[in-house]
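Chemist: Chain by chain, the residues:
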Amino acid sequence: MPTVIVNDKPVEIGADEKLNCVQAAQRAGVEIPTYCWHPALSVVASCRMCLIEMGDKKPDGTIAMQPKLFPACQTPVKDGTVIVSNSEKVKQAQKGTLEYLLLNHPLDCPVCDQAGECFLQDYSYRYGRGYTRLQEPKTLKPDKDYIGDQITLFTDRCVMCTRCVRFTREISGTAELQVINRGSHEEIDIFPGEPCNNKLAGNVVDLCPVGALCSKDFLYKQRVWWLQTKSSTCPDCSTGCSIRVDQTGDVVKRLRPRHNPKAQGHFMCDDGRFGWKYIHGPDRLTQPEMRSPQGAKSHDWDAIQPALRAALEGAVTRKASAVAAVLSPWMTVEEAYLLAKWLKRLSPQTRLALGPVRKEGGDDCYPKDVRGKALPNPKFTIRHEKCPNRKGVELILQHFQGSVIPFDTLLSEVESNQVDTLFLTGGDPKGWITESQAAVLGKLKMLAVLDLLKSPATPKAHYVLAGGSFAEKDGTFINHAGLAQAIVKAIRSPENARPDGRILWELSGRRGLFHATNLRREIGQEVPSLAALSVGDLGEHGVLLTERPTVAAPVRGEKVTAS
Amino acid sequence: MPKFEPVLLARVGKPDSQKLETYRRDGGYEALKKALAMSPEEVTNVVKDSGLRGRGGAGFPTGLKWTFLPKNHTGPIYLAINADESEPGTFNNRILMEDDPHQILEGIAISCHAIKSERAYLYLRFEYGKSYRNLQAAIDECYAAGILGNNSMGSGKKLDIFLHRGAGAYICGEETGLIESLEGKRAWPRIKPPFPAIEGLFRKPTIVNNIETMACVTHILNRGVEWFKSIGVPPDPKNPRDAGSYGPKLYCLSGHVNKPGCYELPLGVTARELIFEHGGGIPHGRKVKAVVPGGISMGFLSADELDIPLDFNGPGKVGCLGLGTAAVVVVDDSISIVDVLYNCCRFFSHESCGQCTPCREGTAWMTKILERMRSGHGTTRDLDLLAEVSGSIGIIPGTTICGLSDGAAWPVKNAIKKFRPEFEEYIASGKKTARVPVGAH
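Going down the list, the sequences are from chains E and R.
Mapping to numbering that gives the first Met the number 0: the first sequence position 148 is 147, numbers consecutive.
Mapping to numbering that gives the first Met the number 0: the second sequence position 275 is 274, numbers consecutive.
Bound conformation, chain E alone:
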């Protein structure tokens, strides 16, 4: 195995791995600071923050060091490469680079959105000199009025790492951002009248290592050190981007992408990034509702749940084949499993249908060429299937029923009075049922709707169950490629709404509390097509359904990382 020596510590790398010095040092637990380098973008080696001393260990054991400094990001490692990142020479270079970067930086951290997660702050603290020797006025560059709908540019804070420029050229392919002017007057800018409004534009905010590019949506909303973060999965299309949910006080403040080589890579689209506003919107169902035939209403979960269960069980006893449930592709695997298992336990004749799967156009692939046509070998794809878990719900339906009944078929069965009792689940924030479809539901003897937002179906319902959004519940989404990823509860549901998993857990009369990891294990053991879930904890990167569970189902409470 090739061995690289990082600060006197040997570290082995894979025989056919192509690593640069930054990555090799990471393996050895050594941080080499970088601004311009990003694993998903091309190497420019221009920020000069990652300078190291480099040498070669000869087979006879002698070490020949190069006389000058090398940028670690640009220097590939091979067997015997010696990396020194803690020598006096390197420290001086790091101090020097940071001094240069801060020369014309406004140091407006108290009003900067990035403060607290800023690489200029972090690296200055760790590698900088702590004071400036500049006595002259700073070179002032005015902030840009407008460079895009979602992003704003504080030109004076920029360190010219050009990550954003390279992103728009290499990943989105739209190339709106560019460098103008020269030398210390250099700025990032757009071509006049061509703002940076592509669907991946929000990523430049994450890429920006300093506070130059900020998200207009998040600007001045919260100091980042108050944010509490949970790793989760984006629900807005079947790509299932790994994300982080940042919240304070049970209010989501922003979503950020999380690197996941198994899912989407490093980035996420703006549809997902800014698409969570509905969870705090005015249309949210915030309390359950029961409408008795006399018109009396109840908003008490403790009254509604037993009543609904009794009504449903009664209907099954009356005529099981007239009882149906619609499982929305927005449900988690766990919720689908609970609902399907409950109904099928009541009677195998009950019918389970798949909720409407919203599709928009075709897959939106990046990078694009100048005419907006996608290039071959896409680096990022926004899928046309705008629901997170069709695959997972279908697998559950196939397990319990053998076949998947489409939503339209079920509606026609309602129309022809074959079905008179229906448990509907919604969840699609862009609407999943039309007025004309909802009109059919008026024929039902009993309708229960478990949903997030008000929809044409809610007024027709006898039972309205206020569910939780993706940020409010634990569970599993299975994306287009069969990757099972966890969604994690980041906030509590507003007012009297409850996570769907808890509602279904209690409705189905299970004892104890809903616990996604344990339920996942149960599903993995019971549903053969979902055997991969038996690991319980899906880890940061999720588990592919094709992966054989390598670890035996662990004891409760034990932390397991997915293979």
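It is possible that part of the hints are untrue.
To be verified - Within a straight-line C-alpha distance of at most 27 Å, the following computed BS3-like cross-link-like pairs (lysine-lysine) qualify:
| no. | chain 1 | residue 1 | chain 2 | residue 2 |
| --- | --- | --- | --- | --- |
| 1 | E | K77 | R | K416 |
| 2 | E | K88 | R | K156 |
| 3 | R | K33 | E | K90 |
| 4 | E | K442 | E | K215 |
| 5 | E | K94 | R | K191 |
| 6 | R | K203 | E | K94 |
| 7 | E | K358 | E | K453 |
| 8 | E | K88 | E | K77 |
| 9 | E | K137 | R | K367 |
| 10 | E | K378 | E | K198 |
| 11 | E | K358 | E | K372 |
Said to hold, decoys possible - Partner residues are not named here, just some residues of chain R that face chain E (Cβ under 7 Å, in silico):
| no. | residue |
| --- | --- |
| 12 | S348 |
| 13 | S351 |
| 14 | Q354 |
| 15 | C355 |
| 16 | P357 |
| 17 | A363 |
| 18 | W364 |
| 19 | K367 |
| 20 | R371 |
| 21 | S374 |
| 22 | S391 |
| 23 | G397 |
| 24 | T398 |
Said to hold, decoys possible - Only some residues are given here: those of chain E computed to face chain R with a beta carbon under 7 Å:
| no. | residue |
| --- | --- |
| 25 | K67 |
| 26 | L68 |
| 27 | Y99 |
| 28 | L102 |
| 29 | S183 |
| 30 | F190 |
| 31 | G192 |
Bear in mind the hints are in silico, worked out from the structure with no lab data behind them.
No experiment lies behind these values; they were computed from the predicted model shown.
Quick reminder that beta carbons are idealized off the backbone N, C-alpha and C, glycines included.
Dock chain R against the given chain E, drawing on the hints supplied.
Modeler: Quick look at chain R alone, frame taken from chain E:
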């Protein structure tokens, strides 16, 4: 020493010297015929044997550079000619291009034959309007006469020369910056390796050579290796890395001299001989304060260092960066070194491409420090700061991608080291010399 008979400048100043007709009458395109009769490897060997070193500034052996091209390469190979002559004080290429363009085109055609290239790009500095017109006219004449085109000189080979005008940036004279600019991009120098000979223009093997180098190639083919080696300085036997400095060189003499101009002399002439014998001395009986040996990026010679030979090694022996473009700028004792240095720094901070942090910020900072010094607010500590900043930028310490920042740092390093007493005196006197600087835009 007998008077040196100019070769490169032999036709300069004669009537219609830029025309094909007169060039042919003076024996033009005979060297190309000779070269086409030889194999490309033979031509490369002739140039290699001559010891010709690139005239663009770095002095890299031309023949050796050509051999770095991949062997048996099937795709296109390009020749890029660097005529982006932007080093302050340099104008030798301009004279060649304006007055004797065919000499250059012949050299390009020979070089293309040697490196098996069918296409040469000539990157011309935008400000050179007359050069552009004369070169383009010469290229058109060559196409009409069948020297260029699908059947170059009846050899059955294809050869095209494209003249491209830059947009006024010093950095386009850096070879990979030039390549980026030719590709239509922002002239940000590339990371090396890969070197242009492996992956250059349009990601194909590319050789980048200077205009004067091309003119030398013509004469080496014409007059032979022995002639070329009879001029100049042989390698220093004590320095195994010295490749010698053979051949004639165009020295651009400017500044405070009586007869500024472009002088063709054998490599190795001393600064004193150039200034006082050829340049006619300093006007008004003033004394030399400093001499720039080869464009301001090379640093300064002090008045007692004028006897070093201006060959590829000479200036380096007294702490200068090298010979550079052999643009000798004389500064007399009526000028404050602080102002000279400020002017240098202002130029480089304006011309820094802004890619690498140390150069982008460092050059601008040094200018600011000198600006402050010139307005009477300098301290001696600033000198140490200037020395530190200039010592921390460049490819020699390894903190930048290209050599521009070495060039930006060198005059500062040299001036602080060689003229420190004058700086200290300037600072102590509280003098203010801030006035409209000349030269840099």
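Chemist: Does the structure break any of the earlier hints, and which numbers would those be?
Modeler: As far as the earlier hints go, 1, 2, 3, 4, 6, 21, 30, 31 are violated by this structure, in ascending order.
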